[in-house]
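Peer 1: Generate coordinates for the entire structure from the input sequences, incorporating the hints supplied.
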Amino acid sequence: METNSPFEQIDELRIDTAGKQFLTEAAKWTTFLAILGYIGIGFMVLAALFMMTVGASISSYNSMMPLGGSMVFSLIYLVVAALYFIPINYLYRFSSNMKSALRSNSQTELTKAFEYLKSHYKFIGILTIIVFGLYILAIFGVMITGLSGIGR
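Read left to right, the sequence shown gives residues 45 to 196 (this note's numbering).
Since the hints were derived computationally from the structure, they do not count as laboratory data. Among the hints, erroneous ones may be present.
[Said to hold, decoys possible] Simulated pairs of lysine-lysine, DSS-like, Cα-Cα distance not exceeding 27 Å:
#	residue 1	residue 2
1	K72	K162
2	K166	K143
3	K166	K64
4	K156	K143
5	K166	K156
6	K72	K166
7	K156	K64
8	K143	K72
9	K156	K72
10	K143	K162
11	K64	K143
12	K162	K64
[Claimed, not checked] What follows is a set of in silico ranges between Cβ atoms, one per label pair, in the way DEER data are often shown:
#	residue 1	residue 2	range
13	T189	Y128	29 to 35 Å
14	K72	Y165	16 to 22 Å
15	S101	S192	34 to 40 Å
16	G63	G86	43 to 49 Å
17	G169	T189	27 to 33 Å
Ideal Cβ positions, reconstructed from N, Cα and C, are used throughout, including at glycine.
Peer 2: Below you can see the structure in the form of structure tokens.
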């Protein structure tokens, strides 16, 4: 004789009207935040291009100021913009799939939307761990540099 627990019998999750309203509101806000993110990334790319242009024109007038300084900061801005693009894109895909899923009552689109949300938070979490690691390395580097100067 086989006994089934109530948790094994439920194969689907149902979203009531209030849940749909909350998800619709969340999708609207994530669309807004994603668009702001895309605009911010655009400004970062423009700033990087501006730094490259200004750095090139300054280095042509002053041989003591090489192009390297502005080029390094420009590349850092471009790398950060690329890193920001990935989670912002996941956020936008979540919002567009969520809106579509709620309009059409599509379970597959709802699942895809939550997959993008999971990817968004996973990327943000990994990026946060990496940044904290870099902060710790920088703090130790400054401490070692400071301690090495004490003995002189």
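Peer 1: None of the hints should be skipped; say for each whether it holds.
Peer 2: Hints versus structure:
no., hint, in the structure
1, K72 with K162, "holds, 18 Å"
2, K166 with K143, "holds, 22 Å"
3, K166 with K64, "holds, 24 Å"
4, K156 with K143, "holds, 12 Å"
5, K166 with K156, "holds, 15 Å"
6, K72 with K166, "holds, 21 Å"
7, K156 with K64, "holds, 16 Å"
8, K143 with K72, "holds, 8 Å"
9, K156 with K72, "holds, 17 Å"
10, K143 with K162, "holds, 17 Å"
11, K64 with K143, "holds, 10 Å"
12, K162 with K64, "holds, 19 Å"
13, T189 with Y128: 29 to 35 Å, "holds, 30 Å"
14, K72 with Y165: 16 to 22 Å, "holds, 19 Å"
15, S101 with S192: 34 to 40 Å, "holds, 39 Å"
16, G63 with G86: 43 to 49 Å, "violated, 34 Å"
17, G169 with T189: 27 to 33 Å, "holds, 31 Å"
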